[in-house]
Every structure is written in structure tokens, then in C-alpha cells.
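Colleague: Next come the chains, spelled out residue by residue.
Protein chains: 2
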Amino acid sequence: MRLVTFGVANSLDNFIARPDGAVDWLVWDEEVAKISGEFFKTVDTVVMGRKTYEVAAKSGGGAYPGVKNYVCSRTLKKAPKQIEIVSEDAVDFIRRLKQEAGKGICIVGGGELARSLFEARLIDQVGLNIQPVMLGSGIPLFYEMNLQQDLELLECKALKNGGLYVFYRMKLTSLQGS
Amino acid sequence: MRLVTFGVANSLDNFIARPDGAVDWLVWDEEVAKISGEFFKTVDTVVMGRKTYEVAAKSGGGAYPGVKNYVCSRTLKKAPKQIEIVSEDAVDFIRRLKQEAGKGICIVGGGELARSLFEARLIDQVGLNIQPVMLGSGIPLFYEMNLQQDLELLECKALKNGGLYVFYRMKLTSLQGS
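Residue numbers (my numbering), protein chains in the order written: chain V, -5 to 172; chain A, -5 to 172.
A couple of the hints might just be wrong.
Put simply, identical chains are the same to the list, so a pair is met inside one copy or across any two.
Each computed DSS-like pair below joins lysine-lysine, with the alpha-carbon atoms no more than 30 Å apart [to be verified]:
#, residue 1, residue 2
1, K92, K72
2, K154, K28
3, K52, K71
4, K35, K52
5, K75, K151
What the hints contain is simulated information worked out from the structure, not anything from laboratory work.
If we strip away everything but chain V, and leave its shape as in the complex, we get (with noise of 0.2 Å):
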């Protein structure tokens, strides 16, 4: 089965973005990339949700380069070419998805669609790059679940522009057969 990843950038009070989507506070450096490349290897797929579309697409992306894209919403109608609306129930088109052959998955973004996600056991690894900053408020990073979650620390490390990456993979998953 394939692994899926929910992977995101976030400040240290649990935030992806500030209140109106913006990602201003966000670095992005060679070290950062370099990791960032060496997880794409193992994917070949990017699934997010409509808020997170919308706020890359606003700054001219949206699409993950040499990867499937789909945006999972029930209201967007079109989007570019590169990218594939799923308006069935994210939870059932994740579940059937990670049984189909392919390289691993990886979801971006979104706290909402990772919360259905995480309730559903369905993610088997988050990779988390935490930013040094607080920003007070915002987009929350997670929201409240029904479940407790134990996870086992892959790896830390702390970059040199004074970020912190952490990736973290779920003990318990669909993976197991829960």
C-alpha cells in the first residue's frame, strides 16, 4: 500500500498561514530544498485542499512540478490542466488511491482535509518544517480531532536559516489494518 505523508511548513503556535492565507513568513532555502527534493523522490502524488489551491495559485502556483495534482473540493469547477478535481468524499478517494499502484503520496497544506485524513488513520507520515517564528494567529496547523495519535520521531534537524525539521511516522495506520 502507499504511503501517504502530510507534509507542511508551519510556525511554532500551530499555524500554516496567517488569517487572510498568506505565507509571507515562510523561508525557503537551498537546504530546504534539498530535502524537500529528496522526500519527492519518493512520490508521485500531491493531493490538496481547495484553500491551500487557491492561496498557491493566487501567487502563481499550484500545480507540484513531475507529479499527479489533484485539489480536493466539492465547489471548484475548473482549474488548470495539470490538476484534477476530486469532488467525491477526500477520505473514500484517499482510501482507494493508497491502494492503487504508485509511489508514495503526499498531502499539502490543508488543516481541515489532514484532520479528515488523520481521523480516518489514513496518513502514515508527517513531515513537518517548523518555522521560527510565532505568528499569533492564523490558519491552525491541527484542528481538534476525535482520536489520539502516538508517533514515532524519524528524524530532526536543525536548519541554518533557523527552521527545524521533523518527520514523524503514525504507529497506528490503515497500514496496520485498523
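Let chain V serve as the given structure and place chain A on it in line with the hints.
Modeller: Same frame as chain V, but now just chain A:
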């Protein structure tokens, strides 16, 4: 001026306790005791909020040994003789305490107490023992705040028990006269 450190153990998803205050998920071992012991050499004062104190008191604790203990509360009337109740505004109290002679001051537990001190830029350092768990719900570590704080990562260490110890210095605090 004395350094004020906010020190706490937390879940990866931004909680310091279960909804009922329980901290049964915290791992304490020799390695954590050693890090904590080294830090407490720099401190002679511990300040906690009422809720943190009451949870600690219920489990037989409450006062830290070898330091001056304060509990900030407008409602608490009685405490053991090792503990002094502070009924004045916590921000005013910490601001005054910082100016007195002495070693460092540690703020424990209390996301609510910490929030008011962060907002007044009275906290100089943050030490977290990030436990390898997502609790799903509970008492928040970081609440929304009305300002941004930039941080410098001074130390991070993967612990043998699976936890992650991080220590940050705030870039702008009352030490700089802000």
C-alpha cells in the same frame, strides 16, 4: 534583568493536557531529568497559573523543590506554605519580578498565563519537550495572540524516549526595552 523562560511538555498538536487536565501521556526519564536539572540550575523562581497548580496539586505535587514558587490566581485563597499566591495582575507581577535581583524565572504549564506574558513581551525563552503524540483535543499550549514573535532556535535534541527537546530565544522582548 532576569530571564523569563516558558517551559512545558506538549503534544505535537499543540496541547499541554487532555481536556480534563490529565498528563498521563508525558514520558519522564533520566535523560529528561538531566536536561531539566541543568535548566533548573539557572532558575530560582517558578510561576504557574491556577489550573496548572491545581492539576499538579491533585497528583501530590504543586511546589517545585529548591526554588521560590508562585501561583497566579485571583480566586485561590489557600495554598501550602511553600507556595505564594499572587492575586495582582500577572503581567505587572512578572514585570516587577524581572527587575529584582535573582536568577532566572520559569513559567510552567499555563497557556493562558503564558499568552498574557507573551503579549507583554515578558517571556525571553521557550523550552518545549514535544512528546511523540497527537492528543486530538485538550488544553492548548499556544492560544491566539495579538502579536507576532520571531524566535531563534538555540537547541534541539531528539530524546531516547521519542520526545523532541527544543529551546528558543525570543528575538524581541522587554530585555531590549520594547
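Colleague: So, against the hints stated earlier in the document, which numbers end up violated here?
Modeller: 5
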